[in-house]
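**Student:** Sequence:
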Amino acid sequence: MTTLHIDWQPDKTSSVPIYQQITNYFQHAIASGDWPMGAKLPSQRKLAPQFGVNRSTLITALDELIAVGLITSNPGSGMAVSGNHWSSLLAEHVNWSQYVKAGQFKPNSHAIQKINQFETDDVIRLSTGEPAPEQFPRVLFQKAFDHLGQHLTSLNYTEPAGILALREQIARHLQKVGIQTQPENILITSGSLQALQLVSLSLFPKDATIYTEAPTYVKSLQVFQSANTHLAGVPMDNQGMAYWQMTPPTNGSQAIMYTIPTFNNPTGIVMSQARRQQILQYAQEHQMPILEDAAYQDVWFDQQPPQPLKALDETGNVIYFGSISKSLAPGLRIGWTVATKPVIDRLTDVRMQTDYGASSLSQLVLAEILANPEYDTYQANFRAVLAQKATAAQAILHHYWDDGIATFDAPTGGFYLWVRLADRINIKKLFDLATAQNVLFNPGNIYDFKPNQYIRLSFSFESTERFERGIQILTKLIEENFPK
79 MTTLHIDWQP
89 DKTSSVPIYQ
99 QITNYFQHAI
109 ASGDWPMGAK
119 LPSQRKLAPQ
129 FGVNRSTLIT
139 ALDELIAVGL
149 ITSNPGSGMA
159 VSGNHWSSLL
169 AEHVNWSQYV
179 KAGQFKPNSH
189 AIQKINQFET
199 DDVIRLSTGE
209 PAPEQFPRVL
219 FQKAFDHLGQ
229 HLTSLNYTEP
239 AGILALREQI
249 ARHLQKVGIQ
259 TQPENILITS
269 GSLQALQLVS
279 LSLFPKDATI
289 YTEAPTYVKS
299 LQVFQSANTH
309 LAGVPMDNQG
319 MAYWQMTPPT
329 NGSQAIMYTI
339 PTFNNPTGIV
349 MSQARRQQIL
359 QYAQEHQMPI
369 LEDAAYQDVW
379 FDQQPPQPLK
389 ALDETGNVIY
399 FGSISKSLAP
409 GLRIGWTVAT
419 KPVIDRLTDV
429 RMQTDYGASS
439 LSQLVLAEIL
449 ANPEYDTYQA
459 NFRAVLAQKA
469 TAAQAILHHY
479 WDDGIATFDA
489 PTGGFYLWVR
499 LADRINIKKL
509 FDLATAQNVL
519 FNPGNIYDFK
529 PNQYIRLSFS
539 FESTERFERG
549 IQILTKLIEE
559 NFPK
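The opening residue of the sequence shown carries number 79 in our numbering; numbering runs sequentially from there.
Derived by calculation from the structure, the hints in this document are not laboratory data. A few of these clues could be false.
[Stated by the list, open to error] List time: in silico DSSO-like cross-link candidates among lysine-lysine, alpha-carbon distance up to 30 Å:
#1 K90 x K118
#2 K419 x K297
#3 K554 x K528
#4 K124 x K419
#5 K506 x K419
#6 K254 x K221
#7 K192 x K507
#8 K90 x K419
#9 K284 x K254
[As the list claims (entries may be wrong)] Cβ pair distances, simulated, as ranges:
#10 K506 x I84: 18 to 26 Å
#11 Q457 x Q550: 29 to 37 Å
#12 H308 x G256: 30 to 38 Å
#13 D112 x Y434: 27 to 35 Å
#14 G330 x N504: 41 to 49 Å
#15 N504 x T81: 18 to 26 Å
#16 A352 x R216: 35 to 43 Å
Idealized CB from N, CA, C, for every residue including glycine.
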């Protein structure tokens with residue numbers, strides 16, 4: 079089909095933002111039937127001067143149109159009017175686009191949506207932050223199921239904060255990292271991501287500022303922004319967040335600190351013991367709550383990292399998020415929040431208004447596994463295998479990429495290599511080329527507050543052989559499209 083001819087331009091005197099005018103124009107043209115399904119759109123290079131706007135404004139509009147399914151963008155074939163269900167609905171009497179955009183929760187970026195859609199078994203997943211399927215502890219689970227099968231009497235709703243037996247086991251488990259807490263100070267959630275959402279809905283004042291490391295995992299989410307708060311990035315050095323570069327909150331303003339001090343996602347940086355003490359003191363002086371995301375607390379290689387901030391917290395300043403997703407099984411969808419009793423009570427009340435509690439079966443299974451002395455043996459073996467895969471992944475990158483393609487630091491835990499590619503490499507283009515070859519990695523800019531030259535590669539999920547195959551494909555794409 080021939081490319082559409084567009085002779086429209088936005089009204090720069092209008093109070094409606096330019097990007098919104100562009101999206102409105104596209105929506106009307108598609109809904110009215112003027113642009114048929116499958117029609118090809120001009121390239122961004124041609125559209126920007128046609129509309130008289132810069133590329134960033136155009137991309138903002140196009141990302142929104144892609145997010146609601148009105149247009150698609152595919153490597154090598156450009157953009158086209160979508161033939162999906164939403165496009166069909168838009169051609170009917172109800173303008174569903176208005177409803178899709180009206181909700182409070184903001185859509186993921188185009189890159190994140192594409193990553194989520196492409197994480198299938200057909201793809202070499204250098205993006206996936208999960209344990210490898212072959213590390214699944216089948217025997218531990220079988221024993222847990224066998225014991226439950228003999229004693230299970232119901233699967234009714236649990237206590238509002240979660241099954242007491244599991245909260246008791248988590249309290250015991252947390253003692254290993256220095257956190258002394260009680261079951262009444264623990265809330266069971268459907269993964270730590272639900273905990274972040276509950277906190278943002280329950281505790282954040284409107285227009286509060288969330289200070290976090292730059293880059294950080296939470297920048298790839300919309301959970302805080304959807305709660306009408308503002309993210310502010312704070313640089314890091316090799317000891318963690320450079321807190322002295324934060325702007326202290328002024329009188330009447332509200333600020334919260336979010337940090338991943340242990341194996342920061344995506345960089346892998348571990349906050350030093352001294353920096354943890356300094357962060358706690360700074361937050362206390364400025365009456366600033368701290369949200370500590372400890373998803374990778376147990377995923378260390380040779381040396382156990384410093385104690386969590388929560389273990390050092392003497393004033394109840396820290397809300398601690400833990401999870402079983404990285405060290406055991408993400409499919410259990412079990413996380414936990416540790417905080418003062420009033421905070422736990424508030425979060426519990428809000429959680430009961432949303433999903434009425436995490437899966438009772440998952441909670442019972444995890445309580446059985448944590449109570450099994452063999453769990454510690456599993457953890458030690460899990461870390462040893464992960465360390466071997468990390469070493470092998472680094473050797474592969476040194477073999478293929480040492481000659482001017484990339485640099486990186488060796489991780490001491492976690493799942494990832496934070497890799498800086500040479501300046502000549504266009505990461506967005508490489509991402510599109512790679513997905514066309516069924517190789518998926520995470521571009522670094524989805525975690526950052528400004529463009530960067532990094533990518534995040536996971537060594538945890540794929541086998542070493544498939545990891546190397548993925549790097550071979552990326553190397554070929556780089557050599558063909560971004561020569562020295």
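**Student:** Taking the hints in turn, state whether each one holds.
**Tutor:** Now for the hints, and whether the structure bears them out:
1. The suggested pairing of K90 with K118 holds, with an alpha-carbon distance near 26 Å, which does not exceed 30 Å.
2. With a CA separation close to 29 Å, the supplied pair K419 and K297 stays within the 30 Å bound.
3. Restraint check for K554 and K528: satisfied, since their Cα atoms lie roughly 28 Å apart, inside the 30 Å limit.
4. A hinted pair counts as satisfied when its Cα atoms are at most 30 Å apart, and K124 with K419 does not qualify at roughly 58 Å.
5. About 46 Å separates the Cα atoms of K506 and K419, which puts this hinted pair outside 30 Å; it is violated.
6. With a C-alpha separation of about 24 Å, the suggested pair K254 and K221 falls inside the 30 Å cut-off, and the hint holds.
7. At most 30 Å may separate the alpha-carbon atoms for a hinted pair to count; K192 and K507 meet this at roughly 14 Å.
8. A distance of roughly 53 Å separates the Cα atoms of K90 and K419; the hinted pair therefore is violated under the 30 Å criterion.
9. For the hint linking K284 to K254, the alpha-carbon distance of about 37 Å lies beyond 30 Å, and the restraint is violated.
10. Between K506 and I84 the beta carbons are some 23 Å apart, a value that agrees with the proposed interval 18 to 26 Å.
11. Distance hint check for Q457 and Q550: the Cβ-Cβ separation is about 33 Å, which falls inside the suggested range of 29 to 37 Å.
12. At roughly 33 Å, the beta-carbon separation of H308 and G256 lies within the given 30 to 38 Å, and the hint holds.
13. As the Cβ distance of D112 to Y434 is approximately 47 Å, the hint placing it in 27 to 35 Å is violated.
14. Under the hint 41 to 49 Å, the C-beta atoms of G330 and N504, about 44 Å apart, fit the expected range.
15. The given range of 18 to 26 Å is respected by N504 and T81, whose C-beta atoms sit roughly 23 Å from each other.
16. Separated by about 42 Å at the C-beta atoms, A352 and R216 satisfy the suggested range of 35 to 43 Å.
Hint compliance for this structure: hints 4, 5, 8, 9 and 13 are not met, and every other hint is.
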